[in-house]
Amino acid sequence: MTPNHRCDAIVVGAGPAGVAAAITMAKGGLKVCLIERGRLPGAKNLFGGVLYPHALAEVIPDYAERHPPFERPVTEQGYWLLSPDSVVRIMHKSVHYKTAPTGAYTALRARFDAWFAEQAVQAGVLLITKTTVTEVVRDARGRALGVATDRPEGLVQAPILVIAEGVNNLLTQSLGLAKGDLPPRYVALSVKEVLALPAAEIEARFGLAGADEGVAIDIFGDATLGLPGTAFIYTDAKAISIGVGLLLEELIVHNLKPYEILARFKAHPVVRPYLAGATVLEYGAHLIPEQGYDRMPDLVGDGVLIAGDAAAMVDAVHREGSNLAMTAGRMAGETALEAHRRGDFSAAFLRAYRTKLEESFVLKDLKQYRRMTDFLDSTPHVIGTYVDFMNEAALRYFTAQGMPKREMEGEILGLLRGRRSFFGIAHDMMKLLRGLRG
Amino acid sequence: MTKRQRQPEPLDPKLKESLPQVNLDALIGAVRYEVDEDFAHLWIKDHEVCQGCPAKPCLAFCPAGVYHLDRAGQVMVSYQACLECGSCRVGCPFHNIGWALPRGGYGVAYKLG
Chain A
1 MTPNHRCDAI
11 VVGAGPAGVA
21 AAITMAKGGL
31 KVCLIERGRL
41 PGAKNLFGGV
51 LYPHALAEVI
61 PDYAERHPPF
71 ERPVTEQGYW
81 LLSPDSVVRI
91 MHKSVHYKTA
101 PTGAYTALRA
111 RFDAWFAEQA
121 VQAGVLLITK
131 TTVTEVVRDA
141 RGRALGVATD
151 RPEGLVQAPI
161 LVIAEGVNNL
171 LTQSLGLAKG
181 DLPPRYVALS
191 VKEVLALPAA
201 EIEARFGLAG
211 ADEGVAIDIF
221 GDATLGLPGT
231 AFIYTDAKAI
241 SIGVGLLLEE
251 LIVHNLKPYE
261 ILARFKAHPV
271 VRPYLAGATV
281 LEYGAHLIPE
291 QGYDRMPDLV
301 GDGVLIAGDA
311 AAMVDAVHRE
321 GSNLAMTAGR
331 MAGETALEAH
341 RRGDFSAAFL
351 RAYRTKLEES
361 FVLKDLKQYR
371 RMTDFLDSTP
381 HVIGTYVDFM
391 NEAALRYFTA
401 QGMPKREMEG
411 EILGLLRGRR
421 SFFGIAHDMM
431 KLLRGLRG
Chain B
1 MTKRQRQPEP
11 LDPKLKESLP
21 QVNLDALIGA
31 VRYEVDEDFA
41 HLWIKDHEVC
51 QGCPAKPCLA
61 FCPAGVYHLD
71 RAGQVMVSYQ
81 ACLECGSCRV
91 GCPFHNIGWA
101 LPRGGYGVAY
111 KLG
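Protein chains in written order, with UniProt numbering: chain A, 1 to 438; chain B, 1 to 113.
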């Protein structure tokens, strides 16, 4: 390999994981090349919309003074259990969310990632955009030497490589760290629309006092035709982020068009009033790796660390991902700094990265929920069954019709027994508990 | 890895009928792209394989409607509308879709994301 550029570390991908790694290494004194294929960082990136700044604070302690482009603080969040004609809402609103530091913000990734990468540039990182990494260059013993890109004279050399390439982890696969491509039954396809609406309208419709309040709602049931998946509605500053995500396997098996499921959700009698008059600013789609703890790629190779979606670092239960990615990126960066100090870039030494992750919430949470995707996969109709039951039970509970309450309670029990046998219910609850407890 | 072969329960036909028609072109029109006219980053590896694929799920699950049939019933690829999600690469039952990243700077360019 005759490199055209040399640096101390290469980062592939300027998303949350890659930028966190780049900043950590630059602050530690390394010369870092951050390579991004989009025209700008964030151009290829999309998420539902909730960002947790605890992980950001560990990378940039004074992030708040640097005015990150957050949309709204999340001051109310929870679940909607949607049946075809009704909803049971389980929402939590609290003034505690308003006391700094706020726990969560809605955000739009093209804006946020561009800002985050700008902080990396200010820390001394060399950001190279519009450049696709085509290959990890390795020596005869398989140790990573650098990367080839689609730029003329685009060979870049470094003793250590952080791969934060995102869910389509082709480089990770090419290194043999991921066993095969993503399985459709463990990957969710999400489609999303960002709908323009004046701030005052958003605040009136969602009961928000002002720009310092926001809502994050995750929706189960009819939103995904009762199939395994979720929908979401998040309030941005002057827009609403709305989307649905289903396991790709379900879309394939049932021959479904994801944008039709989203359109159906938007037209739901409960949802439609929130969206009236809103116009589409942008549409997008993204895969979410939900393989879970037991099917994650190997996180290290000789001269290589894998972070973020490329390593399936997604906690689907709590819709967390970007905070796992930032934390993993930071830990990858810290490990790369230690490797430079020791002059040891072997996989054996880099395994310290995995140890750090195991001691943090990243792998602890992933381990705890290791059975969740299997739970949904093996009991695909569980969501629809119980969501519909909850709505019918609520309707009877809240309706006065001259029927003695004891009879009403019996009817509600009958509704449940009509859907699922006693043993079926016990079985579902056991599996759910196991999925949640780990 | 344990592989359960679960037999999928078919969806209630009424649910399928409740899905509205969508003007996908209008949605795609709201997306910014830097189109690379010189490099198609998606391609069908072998059209005969598609002929033997009864379900052709790519025609439905692709969120950008990249895959459609021409008059002769052959699968056409409008790679220009691709959102680069990766579903077709992993979702094609025959792994018959060639999938590469667009060249640097090209392809979808979200303004919001």
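The hints are simulated quantities; they were obtained by calculation from the structure and are not laboratory data.
Backbone N, C-alpha and C fix where the C-beta goes; we use that ideal spot for every residue, glycine too.
Be aware that a few hints might be false.
[To be verified] Rough simulated footprint, nothing fancy, chain A against chain B, three-plus residues with beta-carbon under 8 Å:
#1 49-61
#2 69-80
#3 101-111
[Unchecked claim] Among chain B residues calculated to face chain A with C-beta under 8 Å, some are:
#4 Glu17
#5 Ser18
#6 Ile44
Structure-based check of all given hints:
Beta-carbon proximity to chain A at under 8 Å applies to 4 residues in the stretch 49-61 of chain B; the threshold of 3 is reached and the given coverage holds. Chain A is given as covering the stretch 69-80 of chain B, and this is violated because 0 residues of the stretch bring a CB closer than 8 Å to a CB of that chain, at least three being needed. Counting residues of the stretch 101-111 of chain B whose CB lies closer than 8 Å to any CB of chain A gives 10, which reaches the minimum of 3, so the coverage claim holds. Checking glutamate 17 (chain B) against chain A: minimum C-beta separation of about 11 Å lies over 8 Å; hint violated.
A least Cβ separation of about 6 Å between serine 18 (chain B) and chain A falls short of the 8 Å threshold, and the interface hint therefore holds. Interface hint status for isoleucine 44 (chain B): violated, as the beta-carbon distance to the closest one in chain A is roughly 17 Å, over 8 Å.
The structure fails to meet hints 2, 4, 6 from the earlier list, while all remaining hints are met.
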